[in-house]
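One letter stands for each residue in the lines below.
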Amino acid sequence: MKSREEILHRVSMNQSLRAEHAGLPDRDEIRRLLTWEVDQSVLIERFADELQSVGGAVIRTTEKNIADALVSYLRSVGAKCVLLSEDMLQTWVDLRQRLLAPSGGRRGTVEFLYSDDSRSPRDPISDGARDQRSADTGITACEALIAETGSVLIKSSDIQPRLTSLLPERHVVIARSNQLIGTLWEAFALIKKAEGGLPAAYTLVTGVSQTADIEKVLVKGVHGPRELCVILLEG
Amino acid sequence: MTASLFIPCLVDLFFPETGIATVKVLERLGVRVIYPSEQTCCGQPAFNTGYRREATRLAVRFVRIFRDAEYIVAPSGSCVSMVKMFPELDIPASLHEDAAHVSSHIYELSEFLVNVLKTEDVGAAFPHTVTYHESCHLRRELGVIDEPRRLLKHVRGLSLVEMENADLCCGFGGTFAVKFPLLSTAMGEQKVRSITAANVEYVTAGDSGCLLQIGGLLSRHGIRTQPIHIAEILSSD
Amino acid sequence: MSVDLIDIQKNIREALRDLPLRTAVWKATEHSLKKREGVVGEVANWEELRTLAHQIRKFTIDHLAQYLQEFERSATANGMKVHWAQDANESVSIVRTILQQHNAKHIVKSKSMTTEEIHLNALLEKDGYSVVETDLGEYIVQLAGEMPSHITAPALHKSREAIAELLTKKFHEPVPSDPALIASIVRRRLRDLFLSADAGISGVNFAVAETGTLCIVENEGNARFTITLPHVHIAIMGIDKVIPRMADLALFLKLLPRSATGQRMTSYVSLISSPRQTNDPDGPEEIHIIILDNGRSSLLSDSSLRQVLYCIRCGACLNTCPVYRQIGGHAYGWVYQGPIGGMLAPVMLGFNTTPLHPYLSSLCGACAEICPVKIDIHHVLLYERSLVVAQRRTSRIERIILKVWAWLMSGRWRYAFSTRIAQLLSTIFGKGAKVYLPVWGQTRDFPPAAKKTFHQLYRKVRETSGQ
Numbered sequence: 001m002k003s004r005e006e007i008l009h010r011v012s013m014n015q016s017l018r019a020e021h022a023g024l025p026d027r028d029e030i031r032r033l034l035t036w037e038v039d040q041s042v043l044i045e046r047f048a049d050e051l052q053s054v055g056g057a058v059i060r061t062t063e064k065n066i067a068d069a070l071v072s073y074l075r076s077v078g079a080k081c082v083l084l085s086e087d088m089l090q091t092w093v094d095l096r097q098r099l100l101a102p103s104g105g106r107r108g109t110v111e112f113l114y115s116d117d118s119r120s121p122r123d124p125i126s127d128g129a130r131d132q133r134s135a136d137t138g139i140t141a142c143e144a145l146i147a148e149t150g151s152v153l154i155k156s157s158d159i160q161p162r163l164t165s166l167l168p169e170r171h172v173v174i175a176r177s178n179q180l181i182g183t184l185w186e187a188f189a190l191i192k193k194a195e196g197g198l199p200a201a202y203t204l205v206t207g208v209s210q211t212a213d214i215e216k217v218l219v220k221g222v223h224g225p226r227e228l229c230v231i232l233l234e235g
Numbered sequence: 001m002t003a004s005l006f007i008p009c010l011v012d013l014f015f016p017e018t019g020i021a022t023v024k025v026l027e028r029l030g031v032r033v034i035y036p037s038e039q040t041c042c043g044q045p046a047f048n049t050g051y052r053r054e055a056t057r058l059a060v061r062f063v064r065i066f067r068d069a070e071y072i073v074a075p076s077g078s079c080v081s082m083v084k085m086f087p088e089l090d091i092p093a094s095l096h097e098d099a100a101h102v103s104s105h106i107y108e109l110s111e112f113l114v115n116v117l118k119t120e121d122v123g124a125a126f127p128h129t130v131t132y133h134e135s136c137h138l139r140r141e142l143g144v145i146d147e148p149r150r151l152l153k154h155v156r157g158l159s160l161v162e163m164e165n166a167d168l169c170c171g172f173g174g175t176f177a178v179k180f181p182l183l184s185t186a187m188g189e190q191k192v193r194s195i196t197a198a199n200v201e202y203v204t205a206g207d208s209g210c211l212l213q214i215g216g217l218l219s220r221h222g223i224r225t226q227p228i229h230i231a232e233i234l235s236s237d
Numbered sequence: 001m002s003v004d005l006i007d008i009q010k011n012i013r014e015a016l017r018d019l020p021l022r023t024a025v026w027k028a029t030e031h032s033l034k035k036r037e038g039v040v041g042e043v044a045n046w047e048e049l050r051t052l053a054h055q056i057r058k059f060t061i062d063h064l065a066q067y068l069q070e071f072e073r074s075a076t077a078n079g080m081k082v083h084w085a086q087d088a089n090e091s092v093s094i095v096r097t098i099l100q101q102h103n104a105k106h107i108v109k110s111k112s113m114t115t116e117e118i119h120l121n122a123l124l125e126k127d128g129y130s131v132v133e134t135d136l137g138e139y140i141v142q143l144a145g146e147m148p149s150h151i152t153a154p155a156l157h158k159s160r161e162a163i164a165e166l167l168t169k170k171f172h173e174p175v176p177s178d179p180a181l182i183a184s185i186v187r188r189r190l191r192d193l194f195l196s197a198d199a200g201i202s203g204v205n206f207a208v209a210e211t212g213t214l215c216i217v218e219n220e221g222n223a224r225f226t227i228t229l230p231h232v233h234i235a236i237m238g239i240d241k242v243i244p245r246m247a248d249l250a251l252f253l254k255l256l257p258r259s260a261t262g263q264r265m266t267s268y269v270s271l272i273s274s275p276r277q278t279n280d281p282d283g284p285e286e287i288h289i290i291i292l293d294n295g296r297s298s299l300l301s302d303s304s305l306r307q308v309l310y311c312i313r314c315g316a317c318l319n320t321c322p323v324y325r326q327i328g329g330h331a332y333g334w335v336y337q338g339p340i341g342g343m344l345a346p347v348m349l350g351f352n353t354t355p356l357h358p359y360l361s362s363l364c365g366a367c368a369e370i371c372p373v374k375i376d377i378h379h380v381l382l383y384e385r386s387l388v389v390a391q392r393r394t395s396r397i398e399r400i401i402l403k404v405w406a407w408l409m410s411g412r413w414r415y416a417f418s419t420r421i422a423q424l425l426s427t428i429f430g431k432g433a434k435v436y437l438p439v440w441g442q443t444r445d446f447p448p449a450a451k452k453t454f455h456q457l458y459r460k461v462r463e464t465s466g467q
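Residue numbers (this note's numbering), protein chains in the order written: chain A, 1 to 235; chain B, 1 to 237; chain C, 1 to 467.
Bear in mind the hints are in silico, worked out from the structure with no lab data behind them.
There's no promise every hint is true.
What follows is a set of in silico ranges between Cβ atoms, one per label pair, in the way DEER data are often shown [as the list claims (entries may be wrong)]:
no., chain 1, residue 1, chain 2, residue 2, range
1, C, 398, B, 93, 43 to 51 Å
2, C, 400, B, 38, 23 to 31 Å
3, A, 38, C, 391, 53 to 61 Å
4, C, 196, B, 143, 55 to 63 Å
5, B, 123, A, 38, 49 to 57 Å
From the three backbone atoms N, C-alpha and C, an ideal C-beta is built for every residue, glycine too.
The following block holds chain A by itself, in its conformation from the complex (with noise of 0.2 Å):
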């Protein structure tokens, strides 16, 4: 292609102006810089600290009380209709024993949806209504959480829609414990390490989507979220 061979071509031509060839810094200068002793007894305090400092919530709670402490915060916070995948349910079978019905349906005044059989909001309209539009609840798993910043890393596969951590008005990630890593440097680490490639997307979320563009006034949920909760698993 005549464009890529003049613009490599000009790229390269003036690249030998330099004799100095000064290497590239290595990966561990880089390490050295971003990592420190991080104490593992304080990990998941600094990691909430974090996230509520961007408008986050944290609710620690154990493997076994899962499913009552989602449900008793999806009645906390008003939530109508919360989209997850069946995948979820494999993962934490009382969830399943305790909230849903085999396809869905309600639990009280919580509406279930599975993102595997509801329809995504971009499938042609066929019957009924654009269901995962109507969700103000989304519920996903995550890779790792970040005590540096609170952060979570989320990726895409196919049991978890990107969607459902983005249309809802509400985010809810449930974590367990041992996902904890102090920095970032360890979440690209883990990111290099991932096994059979990288998937489509991965995505840092530190917080609730904001914006400062009106006079730098500070407005949440923009477009994406404006609420976001951890469910931590302990023990």
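Fit chains B and C to the known structure of chain A by using the hints.
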């Protein structure tokens, strides 16, 4: 110890008392002062406006005049910064060594007093309220931030008041001030607001260009604060 | 793309007269600086990070051809399509082709300076496409028909009342001046557009060569929508956006949010490596990456200008620039503003169109102090001034004055003569403690020349100090 004095053109023509004060301070501390009288200009106005050929000419002249100096001292952060850039100019090879010597042995006054003479108390007395403006060259080219303040703190009777945004550019910028006069003025007025808020009798700095700009605005707006070069404070008794 | 001469002096005059603008710009930049101070102050090794970042950018730009090719290989292996565009026209033409192939008519865009640079919206709209900016600030300036006034805060120059008034007019519904209410009204409208868009166009913050990954950084979530919902995602990036490894991305993500918006991390960082994979339930089916030159490669040929390509577009230099803080972004006359704009303008728009841009600075150096990748910005501007002069783009009068001045300064007796003339003029035009000077004297007083210069006084000084 001998110091060769470099007097910037602004000081020579408009603020000779700054030059006299500089001599006084140095001699009081036992430094023998030489003033090579053939000196004229460091070339900064030309250099900063993009006229490197003209600037180089003046740089060559400067290097020839000061090549044998043990130390060169100037009451100006911006001129000293300019001289330190001499090695980047197209100076004839025969003068490279001299240019290197000159640019590595030139100091702004407060830098010289604190870092070379290792003195912070120069025996001055100036019983007034003073605020200090950080000239951009002094701060960002020469890294001289603490030294002037330390010297001022030892001046008897002097009350040093920090203004807000002390390191904000006053808007002089040499030819910038006449190339973009209204913009330069707007920047200067911002500075004057900080100075006025400090409510002091004097504003001091290490560069006459800054004081020209600040003084010109203070005077035009009828504000009582007077500009004074730091050399003059340090030579007071 | 040819550009008319940008009338900087006129722009400055207008900006200085606009007091609401000046107040808005000063307040917003003050806010940004304070926020940045907080999150940078807590990083003990910030200076080391800057130095390392500079070294990595230097190496990358010095080996740009290699890294661009590596990126192309990786991205293509991941299933993304890579295109190359030499200039703005070509890049827009490539976009058109892709849109035509997909019968796309409604396009959503996330914030990208590069797309502003190539005037993408205007050109596509001329061909009948509908292109909607989805970043709140960009959406607002698009509706207003204006250019953004800051790299990271496009509507910085507008008060909430002005915004409410604008939206009320455009939406035909009353919009209150409360920022949260404005945002929720815009959210509702744009949500519909996201869901029906045929294509999404975004910029790129960093392109990782090692893995073929696009990194897009944001706070609102509109970029996530733009790059996830439509079937086609087109990402436009300058050749300077490529970085070698994921490890380098970790470093730049430490520097960028803190420098740009005073945050430890932006709300969302998307790392896009491929279109929707086999069983993925959502994501675009095709991703096209357009690698754009548009004058950047010419920066490579000059060893002093090369470092301009290190820029990671954080906008911190704008926030700290005392010139920008007085006149705002529009005065610079194009999409890149402040110190980075001053450096890029003559090279990308031509020295004949923007001979004054490198002079729009008092050389205070605050920009170089704040730049996370340690570009020696004010010295680059200084160097560009010498190029302006070498190309004879300064006025004849100025050249003559400078030459005469230099001549007068270069001889002891000539110098002495000129000081005597100055003293004479001072006596004639002076009134007591003041002298009226043209230009300067419009707004500032000026002292008279001393009765005796230091030169003239020196002998006397010798006598009084007893030597």
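Problem - Outcome of range test on Cβ distance (residue 398/C, residue 93/B; 43 to 51 Å) - result: This hint is violated: roughly 31 Å between Cβ atoms.
Practice task
Indicate whether the distance between the beta carbons of residue 123/B and residue 38/A respects the range 49 to 57 Å.
Solution key: Between residue 123/B and residue 38/A, where Cβ atoms are some 54 Å apart, the hint holds.
Exercise for the section: Can you let me know if the beta-carbon spacing of residue 38/A and residue 391/C is within 53 to 61 Å? Expected result: holds (55 Å)
Exercise for the section: Look at the Cβ atoms of residue 196/C and residue 143/B and judge whether their distance stays inside 55 to 63 Å. Expected result: 58 Å Cβ-Cβ, so the 55 to 63 Å window holds.
Handout entry: Outcome of range test on Cβ distance (residue 400/C, residue 38/B; 23 to 31 Å)
Key = The hint (23 to 31 Å, Cβ to Cβ) holds, given that residue 400/C and residue 38/B are roughly 26 Å apart.
Hint compliance for this structure: hint 1 alone is broken.
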